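Okay, here's what each chain looks like letter by letter:
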Amino acid sequence: MALLEVTRVTVRFGGITAVNDASLSVDLGTITGLIGPNGAGKTTLFNVITGLQSPTSGHVRFKNDDVTKATVNHRAKMGMGRTFQRLEAFGSLTVRENIQVAREIHAGARNWFSFRKDPKVDELIEVVGLRRYVDHRADSVPTGVARLLEMARALAIEPKLLLLDEPSSGLDEAETKGFGKLLQQLAADGCAILMVEHDMDLVMGVCDLIHVLEFGKVIATGTAAEIRGNRAVQAAYLGFSDAAGIPIPDDVAAEATAIIGAHSASETTMTLPAVETERR
Amino acid sequence: MLSDFVSFTVQGLFLGAAYAIAASGLVLTYATTRVFNLAHGATSMVMAFIYWQLHIGSGLPTWLSLVLVLFVIAPLFGIVLERVVMRGLGDAPVSVSLVVTVGLFVFLVGLAQQFWPADKPRNIDYFFGYDSFPLFGVRVSYHYVITIVLSAIVAAALYMLLNRTRTGTAMRAAVDNKELLELFGANANRVSMLSWAIGSQLAALAGILLVSYTGLDYYTLTFLVISAFAAAMLGRLSSLPLTYAGAIVLGLASAYFPGYIHGGPLIQTGLQSSLPTFMLFAILIFVPQVRLRVGQVKGILAANVPTRQRTLVSAIGLLVVCLIVMPFLDPTNMLRLGIGVAYAMVMLSLVLLTGYGGYVSLAQFTFVGVGAAVVAKMDTTSPLAILFAVLISAAIGALVSLPVLRLTGLYLALATLAFGQLMDKLVFQADFLFGFGGTLQAQRVSLLGYNFNNTRSYVVLMLLVFLLMGAGLLVLRRGPVGRLLIALRDSPAACGTLGLNQRWFRVAVFSASAGMAGLAGALLAGLQGTVTPVAFATLQSLPLLLVAVVAGVTSVSGAFLGGLLLMLLPVIQATIPSLSGLVFLVIGVGAILLGRDPNGLVNVLFKGLRQLEPHLPLPPRLRALTAGPPAPAAEAESVPEAQVAGHGVA
Numbered sequence: 153m154a155l156l157e158v159t160r161v162t163v164r165f166g167g168i169t170a171v172n173d174a175s176l177s178v179d180l181g182t183i184t185g186l187i188g189p190n191g192a193g194k195t196t197l198f199n200v201i202t203g204l205q206s207p208t209s210g211h212v213r214f215k216n217d218d219v220t221k222a223t224v225n226h227r228a229k230m231g232m233g234r235t236f237q238r239l240e241a242f243g244s245l246t247v248r249e250n251i252q253v254a255r256e257i258h259a260g261a262r263n264w265f266s267f268r269k270d271p272k273v274d275e276l277i278e279v280v281g282l283r284r285y286v287d288h289r290a291d292s293v294p295t296g297v298a299r300l301l302e303m304a305r306a307l308a309i310e311p312k313l314l315l316l317d318e319p320s321s322g323l324d325e326a327e328t329k330g331f332g333k334l335l336q337q338l339a340a341d342g343c344a345i346l347m348v349e350h351d352m353d354l355v356m357g358v359c360d361l362i363h364v365l366e367f368g369k370v371i372a373t374g375t376a377a378e379i380r381g382n383r384a385v386q387a388a389y390l391g392f393s394d395a396a397g398i399p400i401p402d403d404v405a406a407e408a409t410a411i412i413g414a415h416s417a418s419e420t421t422m423t424l425p426a427v428e429t430e431r432r
Numbered sequence: 118m119l120s121d122f123v124s125f126t127v128q129g130l131f132l133g134a135a136y137a138i139a140a141s142g143l144v145l146t147y148a149t150t151r152v153f154n155l156a157h158g159a160t161s162m163v164m165a166f167i168y169w170q171l172h173i174g175s176g177l178p179t180w181l182s183l184v185l186v187l188f189v190i191a192p193l194f195g196i197v198l199e200r201v202v203m204r205g206l207g208d209a210p211v212s213v214s215l216v217v218t219v220g221l222f223v224f225l226v227g228l229a230q231q232f233w234p235a236d237k238p239r240n241i242d243y244f245f246g247y248d249s250f251p252l253f254g255v256r257v258s259y260h261y262v263i264t265i266v267l268s269a270i271v272a273a274a275l276y277m278l279l280n281r282t283r284t285g286t287a288m289r290a291a292v293d294n295k296e297l298l299e300l301f302g303a304n305a306n307r308v309s310m311l312s313w314a315i316g317s318q319l320a321a322l323a324g325i326l327l328v329s330y331t332g333l334d335y336y337t338l339t340f341l342v343i344s345a346f347a348a349a350m351l352g353r354l355s356s357l358p359l360t361y362a363g364a365i366v367l368g369l370a371s372a373y374f375p376g377y378i379h380g381g382p383l384i385q386t387g388l389q390s391s392l393p394t395f396m397l398f399a400i401l402i403f404v405p406q407v408r409l410r411v412g413q414v415k416g417i418l419a420a421n422v423p424t425r426q427r428t429l430v431s432a433i434g435l436l437v438v439c440l441i442v443m444p445f446l447d448p449t450n451m452l453r454l455g456i457g458v459a460y461a462m463v464m465l466s467l468v469l470l471t472g473y474g475g476y477v478s479l480a481q482f483t484f485v486g487v488g489a490a491v492v493a494k495m496d497t498t499s500p501l502a503i504l505f506a507v508l509i510s511a512a513i514g515a516l517v518s519l520p521v522l523r524l525t526g527l528y529l530a531l532a533t534l535a536f537g538q539l540m541d542k543l544v545f546q547a548d549f550l551f552g553f554g555g556t557l558q559a560q561r562v563s564l565l566g567y568n569f570n571n572t573r574s575y576v577v578l579m580l581l582v583f584l585l586m587g588a589g590l591l592v593l594r595r596g597p598v599g600r601l602l603i604a605l606r607d608s609p610a611a612c613g614t615l616g617l618n619q620r621w622f623r624v625a626v627f628s629a630s631a632g633m634a635g636l637a638g639a640l641l642a643g644l645q646g647t648v649t650p651v652a653f654a655t656l657q658s659l660p661l662l663l664v665a666v667v668a669g670v671t672s673v674s675g676a677f678l679g680g681l682l683l684m685l686l687p688v689i690q691a692t693i694p695s696l697s698g699l700v701f702l703v704i705g706v707g708a709i710l711l712g713r714d715p716n717g718l719v720n721v722l723f724k725g726l727r728q729l730e731p732h733l734p735l736p737p738r739l740r741a742l743t744a745g746p747p748a749p750a751a752e753a754e755s756v757p758e759a760q761v762a763g764h765g766v767a
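Quick mapping for you: the protein sequence lines, in order, are chains A and B.
Just so you know, my numbering puts 297 at position 145 of the first sequence, and the rest follows in order with no gaps.
Just so you know, my numbering puts 258 at position 141 of the second sequence, and the rest follows in order with no gaps.
Hints are not guaranteed to be accurate.
[Said to hold, decoys possible] Computed Cβ-Cβ distance ranges for the label pairs, DEER-style:
no., chain 1, residue 1, chain 2, residue 2, range
1, A, 274, B, 558, 54 to 62 angstroms
2, B, 277, A, 375, 57 to 65 angstroms
3, B, 588, A, 173, 56 to 64 angstroms
[What the hints assert, rightly or not] Mimicking DMTMM-like on lysine to aspartate or glutamate, the simulated pairs with C-alpha atoms at most 25 angstroms apart in a straight line are:
no., chain 1, residue 1, chain 2, residue 2
4, B, 724, A, 291
5, A, 329, A, 341
6, A, 333, A, 351
7, A, 272, A, 287
8, A, 312, A, 341
9, B, 724, A, 287
Bear in mind the hints are in silico, worked out from the structure with no lab data behind them.
In this text the structure is predicted, and so the values were computed from the model without any measurement.
Glycine residues also receive a C-beta, built at the ideal position from the N, C-alpha and C atoms.
Bound conformation, chain B alone (with noise of 0.2 angstroms):
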């Protein structure tokens, strides 16, 4: 029994001092750059495999690797990082570092598919193999030591820097005010640098220390990023102290867990794999609701709201347009169309949550499984099943939205994160809750006695369907609703103090959203006939997020740009297949480029169309249609000082 103890209790060490490393990183590139590094753990994944490459590919002895990896290739990418792409994000909003982080997370992982793909297993050994030595009746493991000494030492180091240093008592400074630290002569570039350094240092060397234990693949050490944000969110992702105490508390407890505990699958791999997201949720509930920031008067560019008599025109152009198209196309095109469209109803409701709400959700596919799930469970062709579907989605929305309802934006993506993770091992990847096997069958809706048996006509549907959203979006836009969200947008504060109950707003705003990535699922269901859960796993939300973004998050056209290009990608991926890992490269880098501007490339087409219109021959009537409404802000820039102290005040 002891040594059972014992043997947990090392093992649990092991882990919560390799956590404690690997979030410690990420709570030290949190507090003193105001940027939340999605890909930390996407760090220690591609670390983890350029030391392979290094020391079993090459052939290179283990110190030599280790050193090319924790002082010449993290540091400098962490250096790379923050000049190219992190600089002067802390200052944008949480929805724009969030889109650029995730871009980053897939862009590493495109890396790692392209460069090490996965046509052979890799392995790490432990540091002195299996050596070990006996305590308490059972052998423990060198590497395990390693790991929790090199822990111990890290802290020390960390809490030398930080409390003993010049340099780090311009970091801690940082964390407080970058303005005063900036008038005080330290410069914070190089503070921001330097953390960006240490960051990818001890992401590289948390990767290294686990990935023996947890095998080199793309995914186990990137979701660690969950594990160490669980731990730092005992720190409130500023106390390091607290962070090394999280990390203990959940190695621990993944250690004693399995050992412990015994039961069903359910028991052993679904909740097992998922305490991480426990502790980060039990912790969510309990965190102090943060204050509302007052700052200055800065709008955001959104895309102008086209008029009622442009939206009609648009829409029964497009209609149009895919009507003649569609006689065109054979069985699949047919399908990948439908698809596309479906794509574009989710975008749709990215457009309301993080378009105009300017929140992010991590897990929007996860809403369009359940929507499918339902679907198909229910297996009947009334249209109930979809309004069910949608009802369940948004209820399940507010469930996820509700914990951190007192919270800001980083903390409820960060949850929606959480949340779909646990959907996939929990529900969607395991068939002991809902049978989920492996496929589950769904029919189509019939309406008013008329069965979709003909995919063509079912694509009408959907696009109808995609359209009415569309429309009815635009319409909450130009109302009330839209002026709310703006306005929650650009000052929290003021619309407190007008009255505002922001908690509730912000979990009907993510219900709705969620409602209508559920509608999506269930459309999807009836047209692909069959559902898979892996269609819906989490790491299939990061992409999608990324090209709404690319294609345009704050417009309709945008959303039916982004579905379209978002069906093409597994389209390009099998057509080429050596490319796989490269699209998700192209997606990556396409995020970190266009994330500051979320009007994306629907924008600059337009843009591109509106100066050609003059030299296209159309009719002056549809002229009239096709114009954009006059920008206001244009004109109050020319307004010129002398006159604006000239106005009178009654």
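Just chain A, with the same shape it has in the complex (with noise of 0.2 angstroms):
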């Protein structure tokens, strides 16, 4: 059984349907890949999965529990650990106070009248790379270190699932290496990590899984090769779709596997993988 699984969820604001019986499954110890043009739905699949927005139909199941209509903190007390796109630090604490109350929060009322220092806060500044930040107010670093402390809090509530909307957007490239590194250990210590992101280097170099999103509709689903050489999905990035059957030239379609990823662009470009497509 999978750790989550998001059934056929379907979210409508009035007359905009931003998730369109949208399915996908997110497995113990796996880095997993949400990736899609913007506005095609993944915030709003996130907001979904954590709480924050009920869908209009579908369901969202969590350790085998159906959690489509627990509230936001229960849910996070399951296990949930997310970040925000725009970001969503405490502004006016400092970056250690930020992680001490995701801690204390974590360590529920009993705890709020005791004194004692958690040495878990020192620890997860040590890991995501903080301490020259630690005494700063939130609203006052730069976007990346914002980023960094958000996935930090996130940690420290010691999620099984871990949620992060574009965490590497503020983060130079070698930043982005090493922010890689810690997402394959925190899935080697058994974190299952659903992640939005832009950066297809980071995408396809750590995603175990990856998932298309366009107009709200999961397109494809594979791992990074196959994703690579989808045609729909090169479609979606550059804005149209071979839905009704033209034929995607292959300078564009090459194109298309520059933007998606760059590396293999020649292996991939031809195969035609066993992927699930669009079911229009």
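Could you use the hints to bring the two separately framed chains together as a complex?
Right, dumping it as structure tokens:
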């Protein structure tokens, strides 16, 4: 049984369908990528999974429990941690206090009147590499640092499932590499990670499985190699679809592949792997 | 029988129509600018006074007075208001926009008291006097008919404006997304100016239509805002048709109720006048949960939290200063100092709730009253009376915040306003529930056999309690609870995803704050020896909030300063009666100006002192103690971007 199972989730805002009959699953100890063009419904799907948005229809199962109607905080207590695309750090608190608060919420009300130091706070600061910034107010640090802070804060509640919304934006190349290593380490320790990300090198490099979302629909699911060669995905990234049967010219496909994964364009452009393609 | 029914129905429709006009103005401004105008009823009241001034005072004909008020003065007032006070307030935290509109509320009441002192009765007749026509055997006043027709015209005009004009489309768009609206070339400022102009116009119209029914005084029309809010809540502050429906239901209920339900004074005066409040609570309970908003990292500037050492030094310093001053105070002034300390404790409860938590209570004095009443009713010198006072106030606080558990700060604040009104009408100002016919006697507490018969010793006791509360609050602030309060205000969504059950946390904070206010009330009752219910009217809670914010609601020292200031207000009013309204004007303006910086006067004061400090001949040890902690934020700003990019990831 998968740790997280999203079944046929649809979200409508008025006349707009943000997520359309999307299904995906995440297994323990794996890194799963969720990619797709801007406005594809990735963040909305994250909000449905964590409980900030209730779906119009569909179900979310976590640890074999149906949590579709559970509150945000209940899901967090069950072991879901997340970061936000538009940052949600506690701006008036310092970086250290941000992580401290997360630990205190995790510890529960019983421990709110004790003043013991929690060694895990410093441990987390080291893990994500925030030592330089511990005493800075969170609204005064650069975006990349704030993203790492959110990551540390999410880890503070010792999650089984970590949902990361564009965690690497604001990081430079070296930092992104280090970040990828950190993710792999976490997965090796048994944490499941679901990640929305635009940095294709990172996604293709660390993800065991990738789901592609377009117009709220999951149009493809597969490994990095499979996704690179998928025509529907290539089309989605170039903004038109070959659903109508219009063949994509090879040079266009190559360009799309270059966007999705520059490394191995030559080996994958011509293959059409057996992945679950669109159900239009 | 039928004639009774027709007569009640017509009266109910008249009231409902007038409420609907008021409520639609409230909804229009809230929906387009995200500022809930608590002073909407106060605007109606002032406009009714101006109408009286023009029509009766200066003898202008009815039509001219109406045109002047409705089409010149009211819209102009709205435009000036938007330009000077309200612009940009919609993006500020709810606590700020509430404080500013409460400031306007108190300002307008003060304005009315200053210009139209309560020295003579003022009356405005119905339109066409008592002329009426027969309908099913009852006489129907033309005034009622005019009101109902005007209400329908307003509804139609608003519909046309919002659905058939470009400006209306822009106004509806402003509800959803102001930034987007500006991207598409509409002028958001003009839209908001227009809605404030129309909002004031509708407030004025409702005021003028109702004033001949309610009578012209400072408060009846001012609290129209609760009826309007109750109606608007049915439409969840956004749907005009539902708002109209809510207003009509409320109007009919207030007409049928006294007609068909007979009972003692509890039913007749108490429940009837509380109908809007009951309706409001009923609707609040059934309003679905609001979604948590996800936004940007934006901290607030809070006063520095003093170190433990500094807290201790300041506490001892304050105690010593008071002990030195006390022998020079005559009994009256000693009593005043005690009252000031009691008020300072109430302010402390606001430091917890508003200063740290970012929530607003508009009925904090009601909890003070509960504490005082419990002590008076228990009639014992045992400290248990005080304990009970605290527990009961805290329990009532929890009950008030329960229905609004799932909603945002705005609804909590408005629920407290409704609660305060309810307590005024059912408990404090009526003798049938708690035998509050006038004044209750209260005994002073005795501790370990010591009776605080000497007022000076009792004031010292109060001072000690204040200092303990303040120190306790600071300990809390430095620890997990303090961090949680700040975190929850900065990002409720993040707190939720970390596993915090915000509903119960919020109830706990509100309840603790109510308990602190109750403690202040319990000690105040002992100080004065008597408990007069008028002292705890809802209307007292508004200046309390404003003075707290003006003095500084984020710090314990601000609370002390605020307590003394609030105690001085009635002293000033008693000394110079001609300025009684002016005092409210000053607080109102102060709150409007300072509302955006909750650190208040005390912060300005301390900043000044800190600049002076290097020039003062202080021993180095003392200087080390009084120096504030370094501000880490300033350091952070100086980190250059290039350096920042170079940090490593494990």
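Violating hint indices (sorted, rising): none
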